[in-house]
Each structure stands twice: as structure tokens, then as C-alpha cells.
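S.K.: Given next are the chains, with one letter for each unit.
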Amino acid sequence: ETAVFQTPNYHVTQVGNEVSFNCKQTLGHDTMYWYKQDSKKLLKIMFSYNNKQLIVNETVPRRFSPQSSDKAHLNLRIKSVEPEDSAVYLCASSRDFYEQYFGPGTRLTVL
Amino acid sequence: TQTVSQSDAHVTVFEGDSVELRCNYSYGGSIYLSWYIQHHGRGLQFLLKYYSGNPVVQGVNGFEAEFSKSDSSFHLRKASVHWSDSAVYFCAVIIYGGSGNKLIFGTGTLLSVKP
Chain A
1 ETAVFQTPNY
11 HVTQVGNEVS
21 FNCKQTLGHD
31 TMYWYKQDSK
41 KLLKIMFSYN
51 NKQLIVNETV
61 PRRFSPQSSD
71 KAHLNLRIKS
81 VEPEDSAVYL
91 CASSRDFYEQ
101 YFGPGTRLTV
111 L
Chain B
1 TQTVSQSDAH
11 VTVFEGDSVE
21 LRCNYSYGGS
31 IYLSWYIQHH
41 GRGLQFLLKY
51 YSGNPVVQGV
61 NGFEAEFSKS
71 DSSFHLRKAS
81 VHWSDSAVYF
91 CAVIIYGGSG
101 NKLIFGTGTL
111 LSVKP
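Chains A and B are the protein sequences, given in the same order. Heads up, the first sequence is in our numbering, so the first residue is 1 and it goes up one at a time. Heads up, the second sequence is in our numbering, so the first residue is 1 and it goes up one at a time.
Just chain A, same shape as in the assembly (with noise of 0.2 Å):
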């Protein structure tokens, strides 16, 4: 049963545009998370956000933000994107920051 959403699913762009990613929870935590997959399945977190306040902000390029309008919401914007950033880019949340429930992924292709 799918409690955080993500959309797009899939989305192909070029070098330079701009693009935003969004993802809801439904199970009420008051923590979400930003990860990267790269093509051979690597996880790296880029972001969390507790209750409207980034609390773990990894080296990631300045072009990512995360942007948040409630605890139920985390949306990722890349300013600018880049070949490199091709990946799937999975939403989570938590309770208790220990499990982590995801959401299917968005897949970037950059050309």
C-alpha cells in the first residue's frame, strides 16, 4: 500500500533546464527525505526536512533545493540540471527516523 507519493515517475529533460519533483506523505511522520540512486543502485541521502526545518543538509550541489509548504510535502528543485544528475531520486518519511517508508521514485534522464 503506497503511503508517500511521488511525481512525476519518470522525466527526461536537457542540460540547463530546470526541474521540480514532488512528494506527499499520507502517514502523518514529521520527517522526509530526499535520496539519489545513481545507476548502479548507490543511495546517498541529500536531504531531510523535520517539521518544516532542514536538519541534514549533505554536500550536494548548490542547483538542488528542497522545498517544504507543510510536514506532509517535500518537493526537490534542481535549478540548472546536468548529465550527472541522471538518476532515480526516491522520497521518504519517518516516525522516528529509523524506518523509513519510500515512494516509488522519479526517474531523470538528462540529454
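No wet-lab data here; the hints were simulated from the structure. All C-beta atoms, glycine included, are put in the ideal place defined by N, C-alpha and C. Be aware that a few hints might be false.
Said to hold, decoys possible - From the derived model, a few chain A residues whose C-beta atoms are all more than 10 Å from chain B: (1) Thr7; (2) Asn17; (3) Lys52; (4) Ser80; (5) Gln100.
Unchecked claim - In silico lysine-lysine, PhoX-like type, Cα no more than 20 Å apart, as pairs: (6) A:Lys44 <-> B:Lys102; (7) A:Lys24 <-> A:Lys40; (8) B:Lys49 <-> A:Lys52.
Place chain B on chain A using the hints.
M.R.: The following block gives chain B in isolation, referenced to the frame of chain A:
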């Protein structure tokens, strides 16, 4: 610093076989370990966790894992696999830091179950 490693990139078994997926960690303080499963084209799903107490923990769908401090391991096991268990399995460890806690994932093990 805590890290986690999964030495097997790909494991292939037949339906009904038992399987063990290996995970080793480097100890740097309080330990929290978990396993996640990712079916093709989908997000990760939590399987089980260990923080303290009984070193053998039970998860969903017949999976269990055993924590060993002496071996620095947290291997995942299942007595009899089903074709639907084919997926990538990730071991994860929590890193506690001043900038916030982080869940660090291993490189994953692809489990292929043949009929």
C-alpha cells in the same frame, strides 16, 4: 565513523532454498542496523531493524537477521525463498552526528530466485 558493506553484489538461488545475505559494519559507537528490500522499479521497503536486546530479529515475509558484535555482522536470512523475493536488498546503519542523524546504505545485494 560507521559504515556498512555488503560483499556479495549478486546471489542466485532456487525457489525453496535457504539464503543468507551478508552485511558487515564498522563499529564507531551505538549501533543501529536495518535491512531494506527494493523490488525492480520500486522504492525501498523496510524489512527489520536491530538496536539492542535479542540479536536475532524477525522481519516481514519470513526474513530474519542476526546481529553479531564479535563478527561485526548483521546477516539477513530466509529459510525458504519464493520467486517474489527476487529484489535488491540493502543493509543500512545509522550515523549519529551533530548535523543530524543519517541512514547510510550499503551497496546492495541483488537476489535472484530461479523457479
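S.K.: Give a verdict on every hint.
M.R.: Going through the hints against the structure:
no. : hint                 : in the structure
1   : Thr7                 : holds (13 Å)
2   : Asn17                : holds (24 Å)
3   : Lys52                : holds (15 Å)
4   : Ser80                : holds (26 Å)
5   : Gln100               : violated (6 Å)
6   : A:Lys44 <-> B:Lys102 : holds (10 Å)
7   : A:Lys24 <-> A:Lys40  : violated (26 Å)
8   : B:Lys49 <-> A:Lys52  : violated (27 Å)
Checked against the numbered hints listed earlier, the structure breaks hints 5, 7 and 8; every other hint is satisfied.
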